[in-house]
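Q: Same order as they appear, the protein sequences are chains L and A. Quick note on our numbering: the first sequence kicks off at 1 and runs consecutively. Quick note on our numbering: the second sequence kicks off at 1 and runs consecutively.
Note that these hints are calculated values from the structure, not bench results. For clarity, every value in this text was computed on a predicted model and none was experimentally measured. Misleading hints may appear alongside valid ones.
Once the Cα atoms are required to be at most 25 Å apart in a straight line, the calculated DSS-like pairs of lysine-lysine come out as [unchecked claim]: (1) 171/A with 322/L; (2) 292/L with 174/L; (3) 290/L with 171/A; (4) 174/L with 204/L; (5) 322/L with 292/L; (6) 171/A with 174/L; (7) 322/L with 140/L; (8) 292/L with 171/A.
Across the chosen pairs, the derived CB separations fall in these ranges [said to hold, decoys possible]: (9) 154/A with 131/L: 26 to 34 Å; (10) 282/L with 154/A: 16 to 24 Å; (11) 50/L with 154/A: 45 to 53 Å; (12) 154/A with 84/L: 30 to 38 Å.
Idealized CB from N, CA, C, for every residue including glycine.
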Amino acid sequence: MRRLSNFKRTQYFGLLRAGLTGASVVAIAIGYSKPTHAVASEEQSASSISRQVKEIFERSAKAVVKIHAIDPHGELCGTGFFVDPTGTLYTAYSVGGEADNFTVEFNGRKFPAHQVVTDIRSGLAMLTIDNATPALPIGKSDELEVATPVVTIGFPLDLGETPNFGMIAGFDHKFLGRYFSTTHLRVNATTQRGEAGAPLLNLKGEVVGIIVSSLENGSSCYAVPIEAAEKIRSDFVRFGEVRHGWIGANVTEAPARVEGSRAEITEISTTPPANDSGLRAGDILLQVGKVKVREPEDVLDASFFLTAGDVIPITVARGGEKLTFDIQADTHPAVKNVPIQDGTQLPASATLKFNRAIPLSLQSSPQRTP
Amino acid sequence: MDEFNDNEIAKLLRLKRYEQPPPGYFENFLHEFHRRQRDELLRQPLWRICLDRAHDFMVGLNLPAVTSHPAAVAAVLVCAAVISLKVYRTPAPGGPVAEDRPALTGQTRQVFVAPGPSADAEWTLASPVATRFFNASSLRHPTESAFTHTSAMPPRYVLDSVPVSYETTFKF
Numbered sequence: 001m002r003r004l005s006n007f008k009r010t011q012y013f014g015l016l017r018a019g020l021t022g023a024s025v026v027a028i029a030i031g032y033s034k035p036t037h038a039v040a041s042e043e044q045s046a047s048s049i050s051r052q053v054k055e056i057f058e059r060s061a062k063a064v065v066k067i068h069a070i071d072p073h074g075e076l077c078g079t080g081f082f083v084d085p086t087g088t089l090y091t092a093y094s095v096g097g098e099a100d101n102f103t104v105e106f107n108g109r110k111f112p113a114h115q116v117v118t119d120i121r122s123g124l125a126m127l128t129i130d131n132a133t134p135a136l137p138i139g140k141s142d143e144l145e146v147a148t149p150v151v152t153i154g155f156p157l158d159l160g161e162t163p164n165f166g167m168i169a170g171f172d173h174k175f176l177g178r179y180f181s182t183t184h185l186r187v188n189a190t191t192q193r194g195e196a197g198a199p200l201l202n203l204k205g206e207v208v209g210i211i212v213s214s215l216e217n218g219s220s221c222y223a224v225p226i227e228a229a230e231k232i233r234s235d236f237v238r239f240g241e242v243r244h245g246w247i248g249a250n251v252t253e254a255p256a257r258v259e260g261s262r263a264e265i266t267e268i269s270t271t272p273p274a275n276d277s278g279l280r281a282g283d284i285l286l287q288v289g290k291v292k293v294r295e296p297e298d299v300l301d302a303s304f305f306l307t308a309g310d311v312i313p314i315t316v317a318r319g320g321e322k323l324t325f326d327i328q329a330d331t332h333p334a335v336k337n338v339p340i341q342d343g344t345q346l347p348a349s350a351t352l353k354f355n356r357a358i359p360l361s362l363q364s365s366p367q368r369t370p
Numbered sequence: 001m002d003e004f005n006d007n008e009i010a011k012l013l014r015l016k017r018y019e020q021p022p023p024g025y026f027e028n029f030l031h032e033f034h035r036r037q038r039d040e041l042l043r044q045p046l047w048r049i050c051l052d053r054a055h056d057f058m059v060g061l062n063l064p065a066v067t068s069h070p071a072a073v074a075a076v077l078v079c080a081a082v083i084s085l086k087v088y089r090t091p092a093p094g095g096p097v098a099e100d101r102p103a104l105t106g107q108t109r110q111v112f113v114a115p116g117p118s119a120d121a122e123w124t125l126a127s128p129v130a131t132r133f134f135n136a137s138s139l140r141h142p143t144e145s146a147f148t149h150t151s152a153m154p155p156r157y158v159l160d161s162v163p164v165s166y167e168t169t170f171k172f
């Protein structure tokens, strides 16, 4: 009886152990498996994004065009898009900046196009065709955040219109030690040759940027904010040319933050408009026009959106108080005095037509001739 | 046969039984036979030899049967005419080298041109070892090279590898 009792006890514990192991496996399996409603939700979300991208592509693709042009090196192809119904289109400077004999493929036909204005400082160009066209709505790049989904539509290589989906990866002031003229949108979307000038669209189908360059193997790209293009367009509408403004102050990083800003004015030009503006070295720059300044890099955006001739309110912190000076911006010195090959310089009035061909820094740019 | 009776013949045959040709006779027999044959042929004049060979050739062709096909004969005649014309027009090897022709540089002194009145308008930048003449009409004029270059090149699909950037300091 005792032996029988031991056998039953052993069998009982064996069964108990097997039962516990089985229950554990089942519990783990249930724990790792997703609920049915979660899977359905993910599928629904992916389907929703796919549907949105498809809708944006179908709605916007008709305003995206392929641009052919001829430059001294031969024929080139890029992308552009219409921004108003009279045939005005934006593209990258590398496509429309230094070429001619433009042809735009639109609506299954080819139209001759001509250059309206170009700006190498932003890397953009504006062309036009003599035809009624669809147009993409203009959005606000200020509303973008990191990880905001975006769509691009371009013409890679000799292929047809191609949508692409990605997200905002960052807002960069510089790349490999070189500062941009204005903040660039870094986009995690693959790009290929031929897509320079392609529109960057938010999920409302509004243009928020223009693709100007690729990054490492085309896995991501840089886009100029659409506000920069609108500034160029606004200047052209107002003056018939691009007018980059200039105050004449040098900014560096302050040792301490004052009123939330670390941008300290270190040098004031001895020429107008800075010399009699009221600004002083040592002032902490707080705001230039509508652009709030917190870091020295913010001066890039502030400078880019200055227009020569406009009166700009500039707010600084000095001795514990805020001071605002209204200063009329002058023409940017890189436009005002353009060195030419024989060593002489042309006055600003004579060089305005060369605006598109003037790099603002002569240290690292190739020599360009209009 | 009257001069020799059977006994004499039998006697001669007995004597000949022991006669032997000189050493190497059989080894050189064929060679000697051909040599003598050639010598016999060469006694005739050359024109006779050629005539005999042509006669043998024509007989071998069965010429009467060939001439019964006028189309074949006509074709043969046309081919012969074309070939003879080609041969007539081909410049002689080692033809005239026009050293007084204008050359672009000193390194292109050896300029080969075709003979004839149109040679002044035709020149080619052949390498010193080149001996073939290329018709100048198929050459591209140097001043046209840029245009033909652009039209022949595939288009460049544009996308900069780095952004355009020209700001170096924080000035405004």
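Q: Each of the hints needs a verdict: does it hold here or not?
A: Structure-based check of all given hints:
1. 171/A with 322/L: Distance ~21 Å between residue 171/A and residue 322/L Cα, so the pair holds.
2. 292/L with 174/L: Roughly 19 Å between the alpha carbons, so the hint for residue 292/L and residue 174/L holds.
3. 290/L with 171/A: holds (17 Å)
4. 174/L with 204/L: Judged against 25 Å, a Cα distance of about 28 Å means the pair is violated.
5. 322/L with 292/L: Holds, at about 13 Å.
6. 171/A with 174/L: holds (15 Å)
7. 322/L with 140/L: Outside the cut-off at roughly 30 Å; violated.
8. 292/L with 171/A: holds (16 Å)
9. 154/A with 131/L: 26 to 34 Å: holds (28 Å)
10. 282/L with 154/A: 16 to 24 Å: violated (58 Å)
11. 50/L with 154/A: 45 to 53 Å: Given range 45 to 53 Å: violated, Cβ gap about 35 Å.
12. 154/A with 84/L: 30 to 38 Å: Since residue 154/A and residue 84/L have Cβ atoms about 33 Å apart, the given range 30 to 38 Å holds.
The structure shown violates the earlier hints numbered 4, 7, 10 and 11.
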